[in-house]
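Novice: From the two separate chains plus the hints, produce the assembled complex.
Read top to bottom, the protein sequences are chains A and B. Per this note's numbering, residue 13 is the first one in the first sequence, and the count goes up by one each step. Per this note's numbering, residue 56 is the first one in the second sequence, and the count goes up by one each step.
Source of the hints: derived by calculation from the structure; they are not laboratory data. Small disclaimer: the values here were computed from a predicted structure and weren't measured. Note that CB positions come from ideal geometry on N, CA and C, so glycine has one too. Hints are not guaranteed to be accurate.
[As the list claims (entries may be wrong)] Computed spacing ranges between beta-carbons, pair by pair:
no.	chain 1	residue 1	chain 2	residue 2	range
1	A	V31	B	D266	41 to 47 angstroms
2	A	E134	B	R293	22 to 28 angstroms
3	B	I194	A	Q36	56 to 62 angstroms
4	A	L39	B	R333	54 to 60 angstroms
5	A	V118	B	R326	17 to 23 angstroms
6	B	Q122	A	V31	41 to 47 angstroms
7	A	V31	B	S233	52 to 58 angstroms
8	A	V118	B	D220	17 to 23 angstroms
9	B	G229	A	D123	33 to 39 angstroms
[Stated by the list, open to error] Incomplete in silico selection of chain B near chain A, CB under 10 angstroms:
no.	residue
10	E241
11	L244
12	N251
13	G261
14	K275
15	T278
16	L282
[Unchecked claim] Take a look, some chain B residues computed to stay more than 12 angstroms from chain A by CB distance:
no.	residue
17	N66
18	R76
19	E114
20	A119
21	P123
22	L150
23	I154
24	Q237
25	L274
26	A280
27	I292
28	P294
29	K313
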Amino acid sequence: MERIPILRMGNFLLVTIQVDMHDQLALTLQDDLTNRIAEVGAKGVLIDISSLEIVDSFIGRTLANIASMARVLDAETVVVGMQPAVAITLVELGMPLPGIRTALNVESGMDHLREILTSHEENYDYDGDSTED
Amino acid sequence: MKDLLSLIQKNHESILQDWLRDLKARITRSDLINDRELTAQASEVLSAIRGAGGNSSLENFDAAEWQPLKDVLGNLSASWATQGFTPSDTARFVLSLKIALFDVARKQWGNNSEELFAEVFRANEFVDKLALFTTDSYIYGRDQIINRQQEEMLELSTPVVTLWDGIIALPLIGTLDSARTQVVMESLLQAIVQTNSRFAIIDITGVPTVDTLVAQHLLKTITAARLMGAECILSGIRPQIAQTIVHLGINLEDVITKAKLSDALWLALERSGRKVVRVNTAKSNGTSAAEQRGE
Chain A
13 MERIPILRMG NFLLVTIQVD MHDQLALTLQ DDLTNRIAEV GAKGVLIDIS SLEIVDSFIG
73 RTLANIASMA RVLDAETVVV GMQPAVAITL VELGMPLPGI RTALNVESGM DHLREILTSH
133 EENYDYDGDS TED
Chain B
56 MKDLLSLIQK NHESILQDWL RDLKARITRS DLINDRELTA QASEVLSAIR GAGGNSSLEN
116 FDAAEWQPLK DVLGNLSASW ATQGFTPSDT ARFVLSLKIA LFDVARKQWG NNSEELFAEV
176 FRANEFVDKL ALFTTDSYIY GRDQIINRQQ EEMLELSTPV VTLWDGIIAL PLIGTLDSAR
236 TQVVMESLLQ AIVQTNSRFA IIDITGVPTV DTLVAQHLLK TITAARLMGA ECILSGIRPQ
296 IAQTIVHLGI NLEDVITKAK LSDALWLALE RSGRKVVRVN TAKSNGTSAA EQRGE
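With the rest of the complex left out, here is chain B (with noise of 0.2 angstroms):
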């Protein structure tokens, strides 16, 4: 009695042939990938499923023995989707061993067909994991991307800048969620203490939409940077939003707003008992050219 398993360790060569014409045939984007890879990566596949060793089975794909199998597979769906392939390519290389696997099935049980049903059956379930696996690996490999990614967008999302001594702002870019409001709001309120400063410039312009939430979240970092004795000015509000607040019926009275950054630190600077004024050009543009008619 024979199984499967023993059958591929037997005949791994046809096997693999027979995969790879198969693969060659319908293989969509040929274009990003030679031959002689394909042939290597098929037969690394192959040679992994043989290295389980003879008393690992099909049916149980969660066991040790294809720990090997399993990195081999999650490396080539990382190399494949990074050569640009998607995930069903990678799961449609997997899935065409079954062909292959089929065949030497019919060979050796092709005259019992209870048998060669069982192990066809055996053979589907098995193909069908491996393919699902590879699906997995991609997924899993696009989720730490993009959790890395977000972790690196919320750490470059809040810079606070100092305009002038005692004077800070916060220009804020994209939408405000509560993960990102309590970075904002920490780091606002710690680069308040650091900084020493009275005055906050909270800038919304970048800032696409402006909901019930998140003016509840910004008036929340308003009262907090209040309580700790900073004065905060709202700045960079947009025609649109200054509608969609009243619309919203939400109750900025409290807050210091200003349409343009440039407002808003005209009045801190005032507020701190500075002043901007413009040096008399007119003057120096007399003297030089006094000059010049000296010369």
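Isolated chain A (complex conformation) (with noise of 0.2 angstroms):
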């Protein structure tokens, strides 16, 4: 069966969709990506969609699926690489996809993940701070 590799780096995982996503792989994607979030304890999730010309509403839902269901589980997930056509068609579809995060390329990605969690450790340590006094 066709599947997306989900590639592991550190605290992150790596998902490159490189063929045209049909409802099935969309959703044996959605599976394992979650399945290894779950197994690894990833921080951050990074979707690299620069080679999807083709989007409907079904894959639109998934990705918004997968980006909250990453959040339960404690990873927050950067979609990269949106083409101009893909964005469009989403909006006219009326999915602006408000809970996920977006940058142009997987290296502005990457660097948004970090700093997303450094934030967050400074977050904790301001809350271990505050319990102190």
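Specialist: See below:
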């Protein structure tokens, strides 16, 4: 069965979608990704969709779901490299994906994830300090 | 039995003379055209009518035989329009042919009122068609120009400029409609990809009015840019437009808005970890003054 590979890079999981997404593939990705996040205790997920040229409402919703599920499992999701046509389609479909973080390319996406994680850690430290006071 | 067309063929000289006499009397803008040109154009139209051939009929103006006449009239309409005549001037030029034709018909069928009426009616119909054709081709020419200008305006109206490395701006000028927003949206998103910009500033100083539709278009563009990983800043909102936006109940809460383009640029620089500082001019002036003293 066709699968989208999930790469692990330290605390992060990397997904590059390089084939046309169909419904079953999206659902499989959702399954695999949630399992992997729980398995490795990932703190960040980066999904590269720069090769994705066609998107429908189901794929859009699955992306939103993946991000929500990852957040429940304590991982931030960044979607990177969305094509203009895909962005326009999603907006026209009325799916602005409000909960999803986005970045222009993989590089800035990784920076973004690191920033989020460090700010989280700072928050934890701050919480710790405040309880000590 | 003679019909009107063969009559025209036979008496074309006198018809032309009658027509020209009438034209010169009726023409309102004699300053725009001289007699020689007028004579040349009138005889061109008349010879095109004669050239239509024996088997053509005055009733069937759509027939292929009348194509040369249509070409002549089309050119005439275009050249008169560029000379500054109104379409009614051009129509009057053609319509004044009637009187000459009626005159010929009266001479031929003057003693038979039945026949005369039928032929006059036919001539009337025919000349009316010619006049309508010139008006149509005038409007057609106008429409072509308008369409071309519209396309050119659409292309010109969406320049995406790079303000800084990673910061682009889109100064919008003119009213936003659906077709234009589509072009604006596409060119902005394309520019974001090409220049790899994290910040896009949409400046609406030149947009005269913002209604719910325009706001919706703007919000769509901003959302699409966000989906691609770029942040949009809306700038150049004039006080009246700010009032309209609030009165219309448009929600711009999720959008970063700034009054001026410079504020937006400042914010974008700040967010990308840059800062604009004033160089210490007092110090450099001091050294130059010292140098001057040293000399």
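Novice: Tell me the hint numbers this structure goes against, listed in increasing order.
Specialist: The structure breaks hints 2, 6, 7, 13, 24, 25, 26; every other hint is satisfied.
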